[in-house]
Each structure stands twice: as C-alpha cells, then as structure tokens.
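Q: In case you want the letters, here they are:
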Amino acid sequence: MTLARDDLAVMPAAAPARWTFDAKALIAVPGLVFMALAFAVPVLMLVGDSFVDRDGFSLAGYRKVLGDPYYIGIIGNSLQLACITTAVCLAVGYPAAWALARIRGAWQVILFALIFLPLTVSIVVKTFGLTIMMRRDGIINFLLVNLGFIERPMRLVFTEFSLYFGMVNVFLPFMILPLYSVMRMLDPRLLDASASLGAGPVHTFLRVTLPLTMPGIIAGGTLVFSISVAAYVTPGLLVGDRFMTMSQVMAKAYLNIRDFQLGASMAVIMLVISAALILASSYLVRTPGGERR
Amino acid sequence: MSQQATALPPAAEAQHEPGYLAVSNVTKRFGAATVLDSLSLSVGRAEFVSLLGPSGCGKTTLLRLIAGLLAPDQGAIEVGGRDLTRVAAHRRNIGVVFQNYALFPHLTVAENIAYGLRAKGVPKGEQAKKVADALGLVRMEAFADRAVTALSGGQQQRIAVARAVVVEPSLLLLDEPFSALDRKLRETMQIELRHILRNLGITSIFVTHDQDEALVMSDRIAVMNEGRIEHLGTPSEVYARPKSLYTMEFVGQSSRIGGVVTGGRDGIVEIDTPFGLVRAPGHFLTGSKVVVGVRPEAIAAGEGPAGEYNTVRGTVAEVIYFGSRTLLHFRTAREGDRLHVELNRLPDTVAPGVEMTVRWRLDDSRVFPAPGGADR
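Sequences listed follow chains B and Z, in order. Counting from 539, one number per residue, gives the positions in the first sequence under our numbering. Counting from 7, one number per residue, gives the positions in the second sequence under our numbering.
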C-alpha cells in the first residue's frame, strides 16, 4: 500500500492518453469560457498588436526591442532578476520546505503560518514596509550604526540589494509550496535505507534526496522564475528607473509614450520566455520517471 | 527447511560464536513512554534470531537502535566486540531490509543493488560483478535493467535482500519483510530467504508479529512484550516449554484454565478448576491463583491412566474444521478460561452440545501465576 503511495509521490502518474469523450470534461466549460474571454482573447490581441503599426503589418516593434542594446539590456535585467531571485528562493526555501515536511504537531502549524501568512498581505504593503525598514533612518541602518558595523547610515533603498531582498520576500512561498508537497511524500525510510547501505549524509542528499525532490525544484523554480521575470510592483517600488525591467518598459510604452507596438512586442517576448521555460520544465519532470516506468 | 534446521542444532549451535551481537541494558523512551526497558540480548555469529511480539512491544524500536537509526537513552550495543552505541548508522555496516522494502524509485534494479557498493567506493568493475552475483543469489538476473516500480511485491522483496547483502554487512536486520506478501508467496519466501542467509552465514535479526514465521525461520526466538524479552529460546523451547503465560498465548494456540492450588508434592501441584481437579508439574504455594496452559494438540479424546494424565469432561461449544485437523471449543464456566482441543480424527458423534471426555499428559501442562495476581 505504502509503495503505491510512494510511486505517486515521486513520479506523476502517466495515464495513457485516450481521446474519447468524457462527460466530466463539461464541468470545466464555465471556467474555459471565462479564460477564453479574459485571457486568450486579450493575449491574442496583444500578439496581433505586436505585428501592426499605423500602416499595417510591421516588425518594427521586434526590430526595436531585439536590435537596440538598451532594450536587450532590459531583457537581460529581467532575466538576471529572475535568475537570482529563483536561486536565492531555492537556497532559502529548500531547507525551510524540508523542515515543514518533517516536523509534526504544533511546530508544523506555526511554521506553516510563518511561511504562508505573508501571502495574505498585498505586495504593495510588503514592499512599502521594506522601504520603511531600509530607509536611512530605518531600523537596519539604526542597528548597523549602533552595533558599530558602519559609521554612517548607508543607502539601502533603490539599490539592487534591496531589489533582490524584496523579490525573495515576496516570492519565497511560491518556492516552498511545491518543494513541500514533493518532500512530504518522500518516504523517510529511503534515507534510512541509504544510511544502512553506508552512504553518509552528503551522498544520501546527492543520490536520493536531490533526485527525488527534483520535481519540486523544477516546479518551484519555474513558478518563481516566470512570475519574477514579469515582476512589476516590487522592482518599481524598490529600485525604480535605475533598474528597468521588461514589465516597466511595457507599462511605459502603453501609459507614457503610447507606443503600443513596442509594449506588445516586449510582452510577446516575455510570454515566449515564460512559455519556453514551462515547456522545458514539464519535459524535464517527465523524462526521468517517464522512461523508467 | 525448518525440520532440517531443528534436526541440525548441535552443528549449527557450534558455529554460533556467542555474543557476536551484544545489546546490553538498552533503554529507550519516547516522551513519557518507555518503549524498551533495560533490555539485553546476545546473538551468536551466523545465528538467525527473531524478535516476536505484537505491535507496540518495542521490537521495531530495538531494530532501529541496532541499525543506528535511533540512539538509546541508556545501554550499549556491540557487534563483533566493537562498541557501536555512538557510531552513525552509515558507519556501522549493518544491513536493513525494510517493511516496505524502501527501494529507490528513481533507480533501476541494478542501480539499487549497486547503491551501497558505490557509497563505499567499490571500483566499477567489481561493482558490476557483485551486482550480478547478488541478482543471481535472489534469482532475478533477468531484471537488472528494470525499474523497481515495475516489480511485484515478491520481486521487490528479493531486490531489497540483494541490495542489503551485497555490501557484506556484519549484521542483517529484517523488519517484517513479508508482511506485504500474500500467504503462499510468504511461505515460499520464508524458506528461500532462510536458505540464502544460512548459506551466506550472515547474522540476522528478524522482526515479526507472525508466530508461524518466527517458528519456521529462527534459530532462536525472543518473545517481546512491553519493551522486555519474555522468553528467549529455540522455537521448540518457546513453543513447548514457554516461560510465561504471555509466551504460551502469543506463540501458537493454547487452552488455559484458571484455578487455585489446593496442594502438591514431588513437584506436582493439584489445582482446583471449574473442570475439576487438575494436576501439573510446578511449585506453588497452596492457595495461589494459577493458570494451567496446554497446547490443543496435546489433548486427546477419551480417558487416560490417572497417574500420568488429567482427564476432564466438558460440553462441546463449537466444531471448527480445518481439513487435516479439527478444533473443538468447549464451554467454559469462567471468563478467560479456554478449553480448545485439536483432533486429527473426529469421532462421528461430536457436535456442539455433546458432552465429551478428554485427556492430556501431566508433562504437557504448564502452570503460571494467574495474571493480575500478586506477581504482577
């Protein structure tokens, strides 16, 4: 019985695809209609906009975005932001998720609350809170000065450090949740078995824990990367124009300079990056288990 | 296999250099609950010892302590003269076969078996040879490249055994390895595993709650109850000469009749029971409350000579037919009493409600202090 459960935990069940009509699918119709109207139509219009200027079909938007070092730099900024945020979230979130999955009783409830309550606070509130804390007269500078680490308050807000700090603050739960759901299903006896076979903690981690939690790493990584590559509020509030991201370019294109084609082209490029990542990750998750089934 | 094992004890006993595994006064508590209470156990080299007991008796905890997956609160654990009490699990070289096998689901059969060799830094070429040998040992050569998740329970069991023995552990621990298998397969695997481990000469500790399994497989059985070992002995000692009522009732079927000692001499006590006066070997003070235990198969139909036999008369309550034998449950006047009689041939007249005379030898009865009495 336990084995069946473990199987499910580690490898998503690969049901053979059959294209017969199943009436249960009808239940999804309201959701599908809503998503078609609220998501698919606007996205398609956006894609359409990116290929059109006042005179009809044109690739000027893409030429601008992909040909201008300024915009390439901004795409680079967004990718860098997403990469670093994802990496830090993984480094901090992996042990936290492990603790969450292994601890029992009251401590688990407390840990859960600590990790997921922040999700109920709006990003704007959280980010503004951070700026207050990081001000020259904020608590961080106060502590650093009074503990003698620095002589006078240093600038924290509007630095890249504050940006990454704020990004991890906002997106960490999105890394922990998928990791936790995979780790919770990891049979602790596998770790006992590894030890009984003479493997030390490092060997066990690299050969058992890491491969078996890889689906959680990929899922959490994909989630955090794809939302942080598109982040708008946090970079805007914590760094502003010093560190332009793709989302900010889009907003400016639409709201300030009213160059719809530029905004749409940038949006499509971001969409392609995220879609490619999601496709790659679902391929990665499937391959190891899929072949061995 | 088991017959062979019991026919061979002198030779087998001789090679069991005693004290190879020495568990000394080990105590383990979880919070307020004392799971193991100053328990000691000594196992000889190449011996196969079962820890037999109901769930919660501490047998799995003891196994995990020996493996190093738990640390004792008090006491010491030695293997081959080496004190392992504070040694980490991965440095103990003690193999474990887990209840659910705990095979690595992301590795193939061969990779699972090679896991320990790799962890210990055995060279690649040697690994391949050892894996092949281990697969041969459990007759799974054809499955080397399969996914372990695609194997049946019995096949997974074999791989778990191969994976544990391929690293040549100094001790092998088995935690109810057959509990997930159906009865037929379990019986085959019991004999096969016993054969493999005997040939390899691996000292084995086997945890089970299944008394038949323990009787079939073990050189010795440690009957456990509430964190203590009630009886440590060979299967025939534990079955035929149980040291406690608990052991008698946990291992095999038993009849038990409560009574009060009315007298005795020459090592035979007379006990007043609801079935009349019963005599049995033992030393108890007159007036002691005791329980007489007899194996159902030691009881026969009809009267016996008074000097050697107890003869009682009772009413049949139930007739349970097993094919090769029939079990009769008699009516008892007192709660807790049980008179079960196993007969190979059933007289035609026997049916529920019929009165019947049965007998058993004095030597076949055991007397224990009544539970809940002064000694408890």
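Hints listed in this document are in silico derivations from the structure and should not be mistaken for laboratory results. Since we're looking at a predicted model, the values are computed, not measured. Be a bit skeptical, because a hint or two may be false.
Said to hold, decoys possible - Distance ranges between label pairs, derived from CB positions:
1) B:A629 with Z:E132: 52 to 58 Å
2) B:V810 with Z:R152: 39 to 45 Å
3) B:R690 with Z:A77: 34 to 40 Å
4) B:G643 with Z:P24: 55 to 61 Å
5) B:A651 with Z:P60: 51 to 57 Å
6) B:V662 with Z:G37: 43 to 49 Å
7) B:A629 with Z:D139: 54 to 60 Å
8) B:R640 with Z:T332: 49 to 55 Å
9) Z:S46 with B:G738: 37 to 43 Å
Yeah, the Cβ is synthetic: ideal placement off N, Cα and C, and Gly gets one too.
Q: Should the hint that A629 of chain B and D139 of chain Z are 54 to 60 Å apart at their CB atoms be regarded as holding?
A: Violated - the Cβ-Cβ distance for A629 of chain B and D139 of chain Z, about 42 Å, lies outside 54 to 60 Å.
Q: CB of V810 of chain B to CB of R152 of chain Z, is that within 39 to 45 Å?
A: holds (40 Å)
Q: With 51 to 57 Å as the target window, see if A651 of chain B and P60 of chain Z comply at their CB atoms.
A: violated (39 Å)
Q: Per the hint of 55 to 61 Å, is the separation of the Cβ atoms of G643 of chain B and P24 of chain Z within bounds?
A: violated (44 Å)
Q: Does 37 to 43 Å hold as the CB distance between S46 of chain Z and G738 of chain B, or does it fail?
A: violated (30 Å)
Q: If you check the beta carbons of V662 of chain B and G37 of chain Z, does the distance land in 43 to 49 Å?
A: Once the Cβ atoms are compared, 46 Å apart, the range 43 to 49 Å for G37 of chain Z and V662 of chain B holds.
Q: Hint says 52 to 58 Å; check whether the CB-CB distance for A629 of chain B and E132 of chain Z agrees.
A: Violated - the Cβ-Cβ distance for A629 of chain B and E132 of chain Z, about 38 Å, lies outside 52 to 58 Å.
Q: Given the hint of 34 to 40 Å, check if R690 of chain B and A77 of chain Z actually sit that far apart at their C-beta atoms.
A: Hint violated: Cβ distance 52 Å, outside 34 to 40 Å.
Q: Looking only at beta-carbon atoms, does the pair R640 of chain B, T332 of chain Z fall within the given range of 49 to 55 Å?
A: This hint holds: roughly 53 Å between Cβ atoms.
Of the numbered hints listed earlier, those contradicted by the structure are 1, 3, 4, 5, 7 and 9.
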